[in-house]
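Protein chains in written order, with the working numbering: chain A, 21 to 122; chain B, 12 to 176.
There may be inaccurate statements among the hints.
From the derived model, a few chain A residues whose C-beta atoms are all more than 12 Å from chain B [what the hints assert, rightly or not]:
# : residue
1 : ILE67
2 : VAL119
3 : LYS121
Computed spacing ranges between beta-carbons, pair by pair [claimed, not checked]:
#  : chain 1 : residue 1 : chain 2 : residue 2 : range
4  : A       : HIS26     : B       : GLU103    : 33 to 39 Å
5  : B       : ALA78     : A       : ASN118    : 40 to 46 Å
6  : A       : VAL119    : B       : VAL60     : 43 to 49 Å
7  : A       : ILE101    : B       : ALA127    : 40 to 46 Å
8  : A       : LYS121    : B       : THR16     : 35 to 41 Å
9  : B       : VAL122    : A       : ASN118    : 33 to 39 Å
10 : B       : LYS99     : A       : LEU77     : 46 to 52 Å
11 : B       : TRP121    : A       : ASN118    : 23 to 29 Å
12 : B       : VAL122    : A       : ARG107    : 40 to 46 Å
13 : B       : LEU148    : A       : ASP115    : 45 to 51 Å
Just so you have them, the derived chain B footprint on chain A, three or more residues with Cβ under 8 Å [claimed, not checked]:
#  : stretch
14 : 22-29
15 : 93-101
Please keep in mind that the hints were generated in silico from the structure rather than gathered at the bench. The beta carbon of each residue, even a glycine, is placed where N, CA and C say it ideally should be.
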Amino acid sequence: MLTLVHYLSLAAILFCIGIYGAITRRNAIGVLMAIELMFNAANINFIAFSKFITPTLLTGQVFAIFVIAIAAAEATVGLAIVILIYRHHKEINVDKINVMKW
Amino acid sequence: MESGTQIAIFYILAAMIVGSGVMVVTLRNVFHSLLFLVLCFFSVAGIYVLLHAEFVAAVQVLIYVGAVTVLLIFAIMMTAKIYSPSLKQFNEQVIPGLIIVSTILAVTLWVLSRTAWNVSKDVFVGQSTSAIGKSLLTTYVLPFEVVSVVLIAALIGAIVIARRD
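Whole structure, please, built from the sequences with the hints as guidance.
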């Protein structure tokens with residue numbers, strides 16, 4: 021029998037993989053991909069709660085759709101910033117882009 | 012409801028998600044990790060179908076597998092030099108990152124196993140897609156409109172940021 025804890029554990033593992041990628045990648049696009057993994061983990065949580073806690077209201081599914089929309093907006097603006105940074109600095113690694121540090 | 016089949020499908024999908032997620036964060040070639048990211052998105056859509064969220068699974072395939080992946084491919088193609096296999100792809104925070112992540116994971120799983128969830132016994136009957144559409148245009152109409160404004164702002168912002176001047 022699949023319980024809520026199965027889905028929440030899967031989402032926790034996926035979220036931790038995303039954190040690891042965001043910490044260790046040097047490439048800005050790789051960091052954005054890791055952030056997308058974390059969004060997916062949050063969405064699994066939303067939909068699992070929607071199925072198991074409030075099955076008749078579908079609140080979690082509606083909010084998962086909102087999260088997907090915001091994630092699309094985030095990816096758009098983030099990649100635009102990455103391309104702009106690449107055009108100015110000829111560099112994409114986030115540990116080299118430190119012009120805002122003193 | 013054949014519960015054994017569901018459990019088998021869940022574990023197959025979970026293994027695909029975790030395996031492709033690990034590939035996404037550990038492969039040296041960013042393009043290869045993008046391909047594994049697509050596999051991960053598809054498996055997450057399978058998990059949504061398993062949870063009776065068909066509409067969200069369709070949205071996941073359309074937006075993540077369709078749009079976000081194409082956007083990432085364009086970004087990888089437009090920024091040269093990240094594709095070369097000789098480039099160092101990971102910083103020196105691998106060991107601290109592993110320690111931090113395993114600590115977070117252990118604490119989260121511990122809390123998850125100790126919490127008493129008040130699981131509801133109700134079962135949803137009917138079409139989830141039409142119910143989502145109804146609640147989007149009645150209860151959640153204000154967030155719905157705000158999200159559309161946010162999407163327009165992101166669209167204009169991305170054009171303004173990335174255009175040559």
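Status of the hints after comparison with the structure:
no., hint, verdict
1, ILE67, "violated, 5 Å"
2, VAL119, "holds, 16 Å"
3, LYS121, "holds, 16 Å"
4, HIS26(A) to GLU103(B): 33 to 39 Å, "holds, 36 Å"
5, ALA78(B) to ASN118(A): 40 to 46 Å, "violated, 31 Å"
6, VAL119(A) to VAL60(B): 43 to 49 Å, "holds, 46 Å"
7, ILE101(A) to ALA127(B): 40 to 46 Å, "holds, 44 Å"
8, LYS121(A) to THR16(B): 35 to 41 Å, "violated, 55 Å"
9, VAL122(B) to ASN118(A): 33 to 39 Å, "holds, 36 Å"
10, LYS99(B) to LEU77(A): 46 to 52 Å, "holds, 49 Å"
11, TRP121(B) to ASN118(A): 23 to 29 Å, "violated, 37 Å"
12, VAL122(B) to ARG107(A): 40 to 46 Å, "holds, 45 Å"
13, LEU148(B) to ASP115(A): 45 to 51 Å, "holds, 46 Å"
14, 22-29, "holds (count 8)"
15, 93-101, "holds (count 8)"
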